[in-house]
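Engineer: Sequence:
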Amino acid sequence: MSMTTTRISVLRAIFLAVTASLLLLATANAKHAHAAALTSGRWNGRWATGASTVDLSLLLRQRGGAAMDDEDEDEDSNIDGDIDGDGDSDDEYDDEEESEVDEDEEDLFDDFETDDDNADDFAENELGKVLRKGYEDTPPLTKMYLGASLLATTIGCFTNQNQFPTFLSLDWTLTLKKGQIWRPFTSFLNFGGVGLSYAMTMNFVWNYMCSLERLHHDKPYEFWTMFLFGMTSLLVGYPALKLSPTFLGHNLSTFFVYVWSKYNEGTMVNMFELVEIKAELLPWIFLAQTFLLEGEIPILDMIGIAFGHIYHHFQTTGLLTSPRFLATWYNNSAMAGWLRKEYKKVTADYQVI
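Each residue of the sequence shown is one higher than the one before, counting from 4 in our numbering.
By construction, these hints were calculated from the structure, which means they are not laboratory data. Incorrect hints may appear among the rest.
[Unchecked claim] Capping the alpha-carbon separation at 30 Å, the derived lysine-lysine pairs in DSS-like fashion look like this: (1) Lys146 x Lys136; (2) Lys222 x Lys180; (3) Lys281 x Lys136; (4) Lys222 x Lys344; (5) Lys265 x Lys136; (6) Lys136 x Lys347; (7) Lys180 x Lys245; (8) Lys348 x Lys136; (9) Lys180 x Lys348.
[What the hints assert, rightly or not] Label pairs and their computed distance ranges (CB to CB): (10) Thr270 x Met305: 39 to 49 Å; (11) Ile300 x Ala337: 19 to 29 Å; (12) Val133 x Lys245: 37 to 47 Å; (13) Asn210 x Thr319: 21 to 31 Å; (14) Met305 x Asn335: 38 to 48 Å; (15) Met271 x Lys180: 48 to 58 Å; (16) Pro326 x Val133: 34 to 44 Å; (17) Asn335 x Asn210: 28 to 38 Å; (18) Glu283 x Gly182: 41 to 51 Å; (19) Thr350 x Gly137: 15 to 25 Å; (20) Pro326 x Glu297: 11 to 21 Å.
Since we're looking at a predicted model, the values are computed, not measured. Note that CB positions come from ideal geometry on N, CA and C, so glycine has one too.
Make a model of the complete structure from these sequences and hints.
Structural biologist: This is how it looks when you write it as structure tokens:
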């Protein structure tokens, strides 16, 4: 048993090290790419200096190193050190001109010293734009769900030693006897404490839940039914199997990943920019990842996959359909007006121009 535990610990350490290295490498590549994009103009006959651009051929012409027009060459060949014919040497004019060019070059290279700062600012601005764009493109239910999870996790981080807030955790006794009916719902906001595992789960949920919701943009109530089915199945299934659920949000994410994989069977998915696998293998890859991170068999995640399979079977065979009142409410209720407006934005992305 000790040998098995040691092997699991080694595998977990290797996995965490590889994951952290990949994240750092991706960040470094993005930074260098932005810096290269910012300064790519330097090597095309022009040097970019922030708001202005200096032509190298102009500098060469000012220093007498650029090619002149034929007429200028003929005219200069007839001049013997005296341009204006007043007998004065032109050396003093050349000295003044060269000093002006040297000053221009000093200013030019002073601007280059700020390129690294500009590149960092550019990268930060681009990251902000990407995050803002991702938020704006996220469908409403996914946006509300992840926002609520982030808020609850932040509260737990500062008030409950990085544990999920107890007043939001699942407790059937308090739910049934004290009327705290929010607990079965808020318990699905729990992805674990702030850390690498939380960030990865948040990313998985955003990717696959967002994709499924966008897929049902024209009939979002079908996605709502999927969401409610997953939550209800987990809430009923765990007590029936005499299991104590801990991270219901993480278990729900495996439900979404499995359903997504069934919708995209045969699609090749890139894993960490290293290998490509078929979409239907993705849930099992995530099971292995959870095993390496937590060091135990992810029984609860396997139950999420099982309920995802049941949902997909019921949905494809017509045994499960969205309640009619949901469709009526969405299409006709004035209260659902803002939802229709939000989903119209998603629908616009699917329209062929």
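Engineer: Going back to the hint list, which numbers does this structure go against?
Structural biologist: As far as the earlier hints go, 2, 9, 10, 11, 20 are violated by this structure, in ascending order.
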